[in-house]
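Chemist: Here is how the chains run, residue by residue.
Number of protein chains: 4
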Amino acid sequence: MIDDGEFIRGKVPMTKQEIRVLTIAKARLKPSDVVVDVGAGTGSLSIEAAMLCRKVYALERNVEAIELIRKNIEKFSIDNVEIIHEEAPRGLDRIEKIDAALIGGSGGFLTEILDALDQRLAPNGRIVLNCISIESVSKALNWFRARENYLCDAIQVQINRIERIGRVDMMKALNPIYIISAIKGGFDNV
Amino acid sequence: MIDDGEFIRGKVPMTKQEIRVLTIAKARLKPSDVVVDVGAGTGSLSIEAAMLCRKVYALERNVEAIELIRKNIEKFSIDNVEIIHEEAPRGLDRIEKIDAALIGGSGGFLTEILDALDQRLAPNGRIVLNCISIESVSKALNWFRARENYLCDAIQVQINRIERIGRVDMMKALNPIYIISAIKGGFDNV
Amino acid sequence: MIDDGEFIRGKVPMTKQEIRVLTIAKARLKPSDVVVDVGAGTGSLSIEAAMLCRKVYALERNVEAIELIRKNIEKFSIDNVEIIHEEAPRGLDRIEKIDAALIGGSGGFLTEILDALDQRLAPNGRIVLNCISIESVSKALNWFRARENYLCDAIQVQINRIERIGRVDMMKALNPIYIISAIKGGFDNV
Amino acid sequence: MIDDGEFIRGKVPMTKQEIRVLTIAKARLKPSDVVVDVGAGTGSLSIEAAMLCRKVYALERNVEAIELIRKNIEKFSIDNVEIIHEEAPRGLDRIEKIDAALIGGSGGFLTEILDALDQRLAPNGRIVLNCISIESVSKALNWFRARENYLCDAIQVQINRIERIGRVDMMKALNPIYIISAIKGGFDNV
Numbered sequence: 033m034i035d036d037g038e039f040i041r042g043k044v045p046m047t048k049q050e051i052r053v054l055t056i057a058k059a060r061l062k063p064s065d066v067v068v069d070v071g072a073g074t075g076s077l078s079i080e081a082a083m084l085c086r087k088v089y090a091l092e093r094n095v096e097a098i099e100l101i102r103k104n105i106e107k108f109s110i111d112n113v114e115i116i117h118e119e120a121p122r123g124l125d126r127i128e129k130i131d132a133a134l135i136g137g138s139g140g141f142l143t144e145i146l147d148a149l150d151q152r153l154a155p156n157g158r159i160v161l162n163c164i165s166i167e168s169v170s171k172a173l174n175w176f177r178a179r180e181n182y183l184c185d186a187i188q189v190q191i192n193r194i195e196r197i198g199r200v201d202m203m204k205a206l207n208p209i210y211i212i213s214a215i216k217g218g219f220d221n222v
Numbered sequence: 033m034i035d036d037g038e039f040i041r042g043k044v045p046m047t048k049q050e051i052r053v054l055t056i057a058k059a060r061l062k063p064s065d066v067v068v069d070v071g072a073g074t075g076s077l078s079i080e081a082a083m084l085c086r087k088v089y090a091l092e093r094n095v096e097a098i099e100l101i102r103k104n105i106e107k108f109s110i111d112n113v114e115i116i117h118e119e120a121p122r123g124l125d126r127i128e129k130i131d132a133a134l135i136g137g138s139g140g141f142l143t144e145i146l147d148a149l150d151q152r153l154a155p156n157g158r159i160v161l162n163c164i165s166i167e168s169v170s171k172a173l174n175w176f177r178a179r180e181n182y183l184c185d186a187i188q189v190q191i192n193r194i195e196r197i198g199r200v201d202m203m204k205a206l207n208p209i210y211i212i213s214a215i216k217g218g219f220d221n222v
Numbered sequence: 033m034i035d036d037g038e039f040i041r042g043k044v045p046m047t048k049q050e051i052r053v054l055t056i057a058k059a060r061l062k063p064s065d066v067v068v069d070v071g072a073g074t075g076s077l078s079i080e081a082a083m084l085c086r087k088v089y090a091l092e093r094n095v096e097a098i099e100l101i102r103k104n105i106e107k108f109s110i111d112n113v114e115i116i117h118e119e120a121p122r123g124l125d126r127i128e129k130i131d132a133a134l135i136g137g138s139g140g141f142l143t144e145i146l147d148a149l150d151q152r153l154a155p156n157g158r159i160v161l162n163c164i165s166i167e168s169v170s171k172a173l174n175w176f177r178a179r180e181n182y183l184c185d186a187i188q189v190q191i192n193r194i195e196r197i198g199r200v201d202m203m204k205a206l207n208p209i210y211i212i213s214a215i216k217g218g219f220d221n222v
Numbered sequence: 033m034i035d036d037g038e039f040i041r042g043k044v045p046m047t048k049q050e051i052r053v054l055t056i057a058k059a060r061l062k063p064s065d066v067v068v069d070v071g072a073g074t075g076s077l078s079i080e081a082a083m084l085c086r087k088v089y090a091l092e093r094n095v096e097a098i099e100l101i102r103k104n105i106e107k108f109s110i111d112n113v114e115i116i117h118e119e120a121p122r123g124l125d126r127i128e129k130i131d132a133a134l135i136g137g138s139g140g141f142l143t144e145i146l147d148a149l150d151q152r153l154a155p156n157g158r159i160v161l162n163c164i165s166i167e168s169v170s171k172a173l174n175w176f177r178a179r180e181n182y183l184c185d186a187i188q189v190q191i192n193r194i195e196r197i198g199r200v201d202m203m204k205a206l207n208p209i210y211i212i213s214a215i216k217g218g219f220d221n222v
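Residue numbers (this note's numbering), protein chains in the order written: chain A, 33 to 222; chain B, 33 to 222; chain C, 33 to 222; chain D, 33 to 222.
Wrong hints could be hidden among the right ones.
When chains are identical, the list treats them as one kind, so a pair holds in a single copy or across two.
What the hints assert, rightly or not - Pairs of lysine to aspartate or glutamate residues, derived as EDC-like cross-links and limited to a Cα-Cα distance of at most 16 Å, are as follows: (1) Lys43 / Asp150; (2) Lys204 / Asp185; (3) Lys216 / Asp185; (4) Lys171 / Glu38; (5) Lys204 / Asp147; (6) Lys48 / Asp185; (7) Lys171 / Asp36; (8) Lys204 / Glu167; (9) Lys107 / Glu144; (10) Lys129 / Asp36; (11) Lys103 / Glu118; (12) Lys62 / Glu99; (13) Lys48 / Asp35; (14) Lys48 / Asp150; (15) Lys103 / Glu128.
Honestly, the hints are just simulated from the structure, not real lab data.
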């Protein structure tokens with residue numbers, strides 16, 4: 033588990049530690065997995081996944097974010113992350129087979145991204161989305177529920193940090209995140 | 033119910049609308065009530081209470097806040113709010129009998145404030161506190177639980193605003209607030 | 033403000049006190065208002081509204097709930113609530129003009145209910161919905177956002193009760209509720 | 033990551049999956065670590081820790097819980113969990129040196145448990161507490177803040193499950209949990 037402060041950030045929004053931890057856990061990553069991080073942002077999820085898995089593709093459209101991912105890869109001496117500078121779903125066709133997909137940002141193309149991932153996702157493959165809008169939650173749930181071969185689980189997570197300010201411990205809220213996770217086929221193993 | 037945007041604010045922290053509404057409701061204000069608003073801040077709670085009750089005392093130590101209370105009283109054409117510029121519990125001795133006390137800020141003197149209020153609180157009087165720190169919650173619960181003649185109720189409230197940003201509805205968290213409310217004696221009527 | 037325990041309940045789900053208080057506040061009820069409570073359940077919202085307004089229609093499809101509403105009306109000696117035993121949007125055509133609509137349950141007909149309310153809602157009329165499902169939130173936001181003459185505001189409310197169990201104060205969560213409130217036209221007055 | 037449903041439970045309360053995941057992550061477990069799980073309950077945390085670490089001691093006072101821990105150890109074929117049937121802090125003196133302590137339950141002896149752990153905790157050792165009461169949060173924060181050689185971090189986590197009921201996705205709240213984590217000395221490495 034890496035602390036938020038260890039990542040190089042700039043102004044690109046970053047998935048917070050607790051959400052990273054839950055996202056990675058829900059993705060049930062294995063050492064042999066090929067992972068794609070869609071909307072990789074600062075690369076924080078990519079780097080945590082790369083420490084657990086064979087290969088991670090970091091897909092990101094934003095130039096500034098691409099630069100941050102590069103710097104973070106270097107900082108953490110990671111050699112199994114490959115950056116794809118594209119706007120998803122474009123770029124997903126460069127990956128042959130995916131064991132787990134982490135979706136941190138979908139830029140309004142969530143349905144198209146899920147369709148493209150579905151083509152490449154291995155049996156027992158996992159998709160885990162972090163959503164901050166009602167629209168994305170709704171779209172994602174509808175997409176998974178319309179497909180009988182996905183088993184879907186969804187939570188909302190709200191974290192309040194208890195921060196020492198002077199002599200008291202104040203509660204400070206982080207924005208709530210919806211985490212939607214699904215596993216494809218092979219339900220015997222779930 | 034007054035919208036947050038209608039109050040003149042400056043940099044003084046203001047109790048948000050939903051918390052004001054719940055605080056006022058928990059205080060079970062009646063037209064004949066004399067109310068004190070301890071740590072009145074911008075005066076938002078004082079003004080909402082003044083619209084429902086005979087008399088409100090706004091107790092506040094901060095000069096900038098006092099000025100805001102004055103401006104808000106003028107803006108809302110309120111004539112039954114009296115400002116007491118003191119640091120609580122000082123100033124409470126100027127009020128003979130209190131039917132309801134709203135505590136928005138205690139400046140580290142919570143126990144002393146509760147002790148002073150207890151002296152002046154009428155039978156069936158109510159005390160409602162908004163706390164943002166674990167320490168205050170803990171202190172307040174301990175104070176009330178040590179006294180058999182108070183019936184105490186406590187909740188934590190977390191509000192997320194759903195804000196339209198571009199074409200999506202994002203969840204934005206407000207800091208959670210603990211609302212502790214107690215009624216003194218006269219339990220037959222509760 | 034009425035305590036939850038004062039209502040006669042049975043097994044019909046009841047809007048909790050804090051949510052009732054916020055719902056009533058967001059509806060900005062005035063003494064001259066005609067209010068409809070759609071999916072009235074135990075009648076708790078109808079009764080609180082009836083204490084503030086000229087006339088309340090309690091619309092409810094469930095027979096058991098209708099009986100509870102009757103009992104609660106009697107218990108609180110209310111004489112300005114009229115029960116309409118129908119499944120909304122049916123029954124709304126019996127009300128000529130509505131100043132405020134509270135929607136506690138929509139039974140899957142939310143769009144139809146909003147369409148029917150829109151026909152009867154007075155200028156400056158308010159609609160306040162309590163939603164517990166993502167689908168309803170999504171439908172309601174879409175309905176309001178597609179109409180330029182409604183100003184819409186949405187929050188999620190999470191209440192944790194702090195309950196004394198033995199010698200400690202435990203946090204117990206209530207299910208989160210989305211409250212969507214909108215005002216029709218007449219934006220100068222908002 | 034193990035699903036809640038995979039553990040044998042009975043009526044003993046169990047730390048939920050998301051809280052287990054965050055607790056384990058905050059404990060920064062390493063393969064060489066000796067871990068103690070205080071108030072082990074069903075043993076769910078002990079078992080997850082045992083999959084990551086050399087040795088786990090499951091300390092528990094309740095006979096029924098001890099039986100469940102045994103069954104779960106067997107079910108998951110774990111051979112590095114040692115059960116200590118005692119009421120903490122008793123039993124901690126059987127462990128020579130502790131790298132990480134997970135405290136799921138303290139039975140009113142939190143201060144004594146922290147004192148005893150402090151004696152045995154290795155440099156850079158971690159303590160992670162799950163609290164459900166304001167009292168425990170307050171006690172724990174006070175304990176850590178009074179000691180300069182501990183670096184303390186605290187959050188409140190609220191999880192809502194989105195459950196498919198009929199044709200809609202309802203939000204169901206889990207009780208909020210406070211997670212307090214601290215690391216002892218050796219701050220250069222944090």
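Chemist: Does each hint hold? Answer for all of them.
Modeler: Right, here's what the structure says about each hint:
1. Proximity of Lys43 and Asp150 under a CA criterion of 16 Å is satisfied in neither setting, with 32 Å inside one chain copy and 40 Å between copies.
2. Taking the closest pair of Cα atoms, Lys204 and Asp185 come within 16 Å of each other only across two copies (13 Å); inside a single copy the shortest separation is 27 Å, beyond that limit.
3. In the homo-oligomer, the alpha carbons of Lys216 and Asp185 lie at most 16 Å apart inside one protomer (12 Å), although the nearest pairing across protomers, at 37 Å, exceeds that limit.
4. For the homomeric pair Lys171 and Glu38, neither the shortest alpha-carbon distance inside one copy (33 Å) nor that between copies (30 Å) is at most 16 Å.
5. In this homomeric assembly, Lys204 and Asp147 never come within 16 Å of each other (Cα to Cα): the closest approach is 38 Å inside a single copy and 29 Å across copies.
6. Taking the shortest alpha-carbon separations for Lys48 and Asp185, only the inter-copy value of 14 Å comes in at or below 16 Å, while the best intra-copy value is 21 Å.
7. Proximity of Lys171 to Asp36 under the C-alpha cut-off of 16 Å is found in neither arrangement, the shortest distances being 29 Å within a copy and 27 Å between copies.
8. Taking the closest pair of Cα atoms, Lys204 and Glu167 come within 16 Å of each other only across two copies (14 Å); inside a single copy the shortest separation is 26 Å, beyond that limit.
9. Taking the closest pair of Cα atoms, Lys107 and Glu144 never come within 16 Å of each other, the shortest separation being 33 Å inside a single copy and 42 Å across copies.
10. Proximity of Lys129 and Asp36 under a CA criterion of 16 Å is satisfied in neither setting, with 30 Å inside one chain copy and 30 Å between copies.
11. Proximity of Lys103 and Glu118 under a CA criterion of 16 Å is satisfied in neither setting, with 18 Å inside one chain copy and 50 Å between copies.
12. In this assembly of identical chains, the alpha carbons of Lys62 and Glu99 never lie at most 16 Å apart, being 28 Å within a copy and 31 Å across copies at closest.
13. For a Cα distance limit of 16 Å, the shortest separation of Lys48 from Asp35 inside one copy, 9 Å, qualifies, whereas the shortest one across copies, 23 Å, does not.
14. In the homo-oligomer, the alpha carbons of Lys48 and Asp150 never lie at most 16 Å apart, since the shortest distance is 27 Å inside one protomer and 30 Å across protomers.
15. Taking CA atoms no more than 16 Å apart as the test, Lys103 paired with Glu128 passes in neither setting, with 26 Å inside one copy and 42 Å between copies.
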